Amino acid sequence: MRLREIVERLHLQVLAGEKALDREVIGGYCSDLISDFMANGTPGCLWLTLQTHMNVVAVALLTGAAGVVFTGGRGIPPEVCRKAEAEGLPLLQTPHSTFEMAGRLYQLLNEK
Amino acid sequence: MTFYRADLHIHTALSPCAGEEMTPPRIVAAAIMAGLQLIAVTDHNSAGNIAAVQEAARGTGLIVLAGLEVQTREDVHLVCLFNSAAEALEWQSIVYQRLPAEENREEYFGCQLLLDAAGREIGREKRLLLTSVDMGLEEVVREVSGRGGVCIPAHVDRPSYGLLGHLGLIPEGLPFAAMELGLLYPDEALKQFPTLAGWPLTVASDAHYLKDIGRRVTIFDFVEEINLKSLHQSLRRQQFKVVVGQRDNFR
Numbered sequence: 001m002r003l004r005e006i007v008e009r010l011h012l013q014v015l016a017g018e019k020a021l022d023r024e025v026i027g028g029y030c031s032d033l034i035s036d037f038m039a040n041g042t043p044g045c046l047w048l049t050l051q052t053h054m055n056v057v058a059v060a061l062l063t064g065a066a067g068v069v070f071t072g073g074r075g076i077p078p079e080v081c082r083k084a085e086a087e088g089l090p091l092l093q094t095p096h097s098t099f100e101m102a103g104r105l106y107q108l109l110n111e112k
Numbered sequence: 001m002t003f004y005r006a007d008l009h010i011h012t013a014l015s016p017c018a019g020e021e022m023t024p025p026r027i028v029a030a031a032i033m034a035g036l037q038l039i040a041v042t043d044h045n046s047a048g049n050i051a052a053v054q055e056a057a058r059g060t061g062l063i064v065l066a067g068l069e070v071q072t073r074e075d076v077h078l079v080c081l082f083n084s085a086a087e088a089l090e091w092q093s094i095v096y097q098r099l100p101a102e103e104n105r106e107e108y109f110g111c112q113l114l115l116d117a118a119g120r121e122i123g124r125e126k127r128l129l130l131t132s133v134d135m136g137l138e139e140v141v142r143e144v145s146g147r148g149g150v151c152i153p154a155h156v157d158r159p160s161y162g163l164l165g166h167l168g169l170i171p172e173g174l175p176f177a178a179m180e181l182g183l184l185y186p187d188e189a190l191k192q193f194p195t196l197a198g199w200p201l202t203v204a205s206d207a208h209y210l211k212d213i214g215r216r217v218t219i220f221d222f223v224e225e226i227n228l229k230s231l232h233q234s235l236r237r238q239q240f241k242v243v244v245g246q247r248d249n250f251r
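If you read the protein sequences in the order shown, they are chains A and B.
Each residue of the first sequence is one higher than the one before, counting from 1 in UniProt numbering.
Each residue of the second sequence is one higher than the one before, counting from 1 in UniProt numbering.
Keep in mind that the hints were calculated from the coordinates and are not lab data.
Small disclaimer: the values here were computed from a predicted structure and weren't measured.
Note that the Cβ used here is the ideal one computed from N, Cα and C, for glycine as well.
One thing to keep in mind: the hints can contain errors.
[Stated by the list, open to error] A few chain B residues that face chain A, going by a derived Cβ cut-off under 10 Å, partial list only: (1) 74; (2) 75; (3) 76; (4) 133; (5) 159; (6) 166; (7) 167; (8) 168; (9) 169; (10) 171; (11) 172; (12) 184; (13) 186; (14) 188.
Next up, chain A with everything else stripped away, as it sits in the complex (with noise of 0.2 Å):
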């Protein structure tokens, strides 16, 4: 499912990484520790978490990340936002919780 979809339908806050939303999404990702992301992430997934370091974006970069998608409506620093922007990362935001944004993501991409 491309990500402009999930962003529509998941009521996402588009932070940063506008032109890059026609990206395909194959799957998720939850976690608030950057080097298990490191480990796990898979190009493509989308990223769920509560971490708002610059690290996030690097390390989403390395893994081919479709996208951030920062739960639970924290702070995103602004020059976290503009160096995304500048690489071309989207990253998302909701007030929702990761638990909550997962299963509505796990759920939209496993729609029949």
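Chain A is already provided as a structure; the job is to place chain B on it using the hints.
Frame of chain A; chain B shown alone:
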């Protein structure tokens, strides 16, 4: 030139996860027994017992540096060292403002004892210390450095509460004085974490119990008297040596 055996990461009974045996006089005695000349008191997010340990060490020759182990928003543990207990307390007031308002639950976390130099309880810290401050790693490092302090990420090679475990990479452009290893020898750590290359790699015991004090020792080669500046310089110039293992191995 003098060499100083140092253990720059020691908790007192103020840290809820530390044993109640970690009183100022007993910490000082254990440090001297372990052949240390230099320690740092680094309780979780608090500077409450530093002055008491310094007082307990008066006249013994043991030098006690003032520190806190701050837990950043990313759940990364960062040893922050200051020039004096007073400066550490100033930093503590900022940390306390940014800690959640929750109270410690002794039955879950353990008690947070404020002690005098003789080891007597003079109070209990009520706020929950074993949690993250609402400050990102970079903000903490910049604030502490701006106050003349020195930051060393704690046990970076541990999967929990370590810089590499949580952030995967070492953020660029931050003035860390060194990287503290909690598990590995420096050569092992470099193999496992190539990103550590070029950083001064120190060790410390992260002692929560008396028996742990001095288990892992960094021997500094100071050119001047002991203060944060010369410590920092010694790290930068790699004028130090790391000793890991039981005390008897390096006596």
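Here is how each hint holds up against the structure:
A least Cβ separation of about 5 Å between residue 74 (chain B) and chain A falls short of the 10 Å threshold, and the interface hint therefore holds. For the restraint placing residue 75 (chain B) at the interface with chain A, the shortest Cβ-Cβ distance is roughly 8 Å, inside the 10 Å limit, so the hint holds. The beta carbon of residue 76 (chain B) comes within 9 Å of a beta carbon in chain A, closer than 10 Å, and the hint placing it at the interface holds. The interface hint given for residue 133 (chain B) is violated, since its Cβ lies 14 Å from the closest Cβ of chain A, which is over the 10 Å cut-off.
Evaluation of the residue 159 (chain B) hint against chain A yields a held restraint, the C-beta minimum of about 8 Å falling below 10 Å. Taking 10 Å as the C-beta cut-off, the interface hint given for residue 166 (chain B) holds, the closest approach to chain A being about 6 Å. Taken as an interface hint, residue 167 (chain B) checks out: its beta carbon lies about 5 Å from the nearest beta carbon of chain A, inside 10 Å. Because the closest C-beta pair between residue 168 (chain B) and chain A is about 4 Å apart, less than 10 Å, the hint holds.
Restraint check, residue 169 (chain B) versus chain A: the minimum CB separation of about 5 Å is within 10 Å; hint holds. Among the interface hints, the one on residue 171 (chain B) holds; its C-beta lies about 6 Å from the nearest C-beta in chain A, closer than the 10 Å criterion. Given hint, residue 172 (chain B) at the interface with chain A, holds; its Cβ is 9 Å from that chain's nearest Cβ, closer than 10 Å. Checking residue 184 (chain B) against chain A by beta carbon gives a least distance of about 15 Å; that is not within 10 Å, so the hint is violated.
Given hint, residue 186 (chain B) at the interface with chain A, is violated; its Cβ is 20 Å from that chain's nearest Cβ, farther than 10 Å. Because the beta carbon of residue 188 (chain B) sits about 17 Å from the nearest beta carbon in chain A, more than 10 Å, this interface hint is broken.
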